[in-house]
Amino acid sequence: MFNRKLLAAFVTTVICYFIVPFFFNDFTNSYFAIGLGVSIISVPILFTIGILASLVIELRTKHILLAYMKHFGCGLICVCVLLLLTDWDIELFFIYTLIAFVYVTVFFISDKLIKRNQ
1 MFNRKLLAAF
11 VTTVICYFIV
21 PFFFNDFTNS
31 YFAIGLGVSI
41 ISVPILFTIG
51 ILASLVIELR
61 TKHILLAYMK
71 HFGCGLICVC
81 VLLLLTDWDI
91 ELFFIYTLIA
101 FVYVTVFFIS
111 DKLIKRNQ
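To convert, note that position 45 of the sequence shown is 45 in the numbering used here; the numbers rise steadily by one, no gaps.
No lab work stands behind these hints, which were simulated from the structure alone.
A portion of the hints provided could be inaccurate.
[Claimed, not checked] Restricting the straight-line Cα-Cα distance to at most 30 Å, the calculated cross-link-like pairs of lysine-lysine (DSS-like) are: (1) Lys112 - Lys70; (2) Lys70 - Lys115; (3) Lys62 - Lys115; (4) Lys112 - Lys62.
[Stated by the list, open to error] Estimated spans, in silico, between C-beta atoms of each pair: (5) Ile77 - Asn117: 24 to 34 Å; (6) Gly73 - Ile19: 19 to 29 Å; (7) Ile19 - Met69: 29 to 39 Å; (8) Ser39 - Leu76: 12 to 22 Å; (9) Gly73 - Ile40: 30 to 40 Å; (10) Phe2 - Ala33: 17 to 27 Å; (11) Gly37 - Phe101: 14 to 24 Å.
Cβ atoms here follow ideal geometry from the backbone N, Cα and C, with glycine treated the same way.
When you get a sec, could you build the whole thing from the sequences and use the hints?
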């Protein structure tokens, strides 16, 4: 199960590197820089907190919709902690929440597809 979560996290990292820059206004000039900047923060969180939380959620929850909601709740907790460490702004809250939504959704779908194909 841990290897599957690692593979899902890797797939999420690669896919979200190319999706997330579209959420920013000035992505045309610095597309790869935005992807790298977001990845520097989100990838370590995904590989530590995300994988551990996903393992615990999968062991305790069998219903797929409830499991997704718990994953998204963990993503929102990470957003709140990140906002406490930076300057709080409502625009940053929406951007961070959107990024968390994309990462959680891609991770959850890729994990379920990898589990299905094993």
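Now the hints, each set against the structure:
Restraint check: the Cα-Cα separation between Lys112 and Lys70 comes to about 15 Å, which is no more than 30 Å; the hinted pair holds. Restraint check for Lys70 and Lys115: satisfied, since their Cα atoms lie roughly 18 Å apart, inside the 30 Å limit. In summary, the hint linking Lys62 to Lys115 is supported, as the alpha carbons are separated by about 14 Å, within the 30 Å threshold. Between Lys112 and Lys62 the alpha-carbon distance is near 12 Å, which keeps this suggested pair within the 30 Å criterion.
Hint check: Ile77 to Asn117, Cβ distance near 30 Å, so the stated range 24 to 34 Å holds. Between Gly73 and Ile19 the CB atoms are about 21 Å apart, so this pair conforms to the stated range of 19 to 29 Å. As the Cβ distance of Ile19 to Met69 is approximately 21 Å, the hint placing it in 29 to 39 Å is violated. The hinted range of 12 to 22 Å is satisfied by Ser39 and Leu76, whose Cβ atoms lie roughly 20 Å apart.
One distance hint, 30 to 40 Å for the beta-carbon pair Gly73 and Ile40, is violated here, with the actual separation near 24 Å. In this structure the hint that Phe2 and Ala33 lie 17 to 27 Å apart at CB is violated, the actual value being about 32 Å. Checking the proposed 14 to 24 Å range against Gly37 and Phe101 shows it holds: the Cβ atoms sit about 18 Å from each other.
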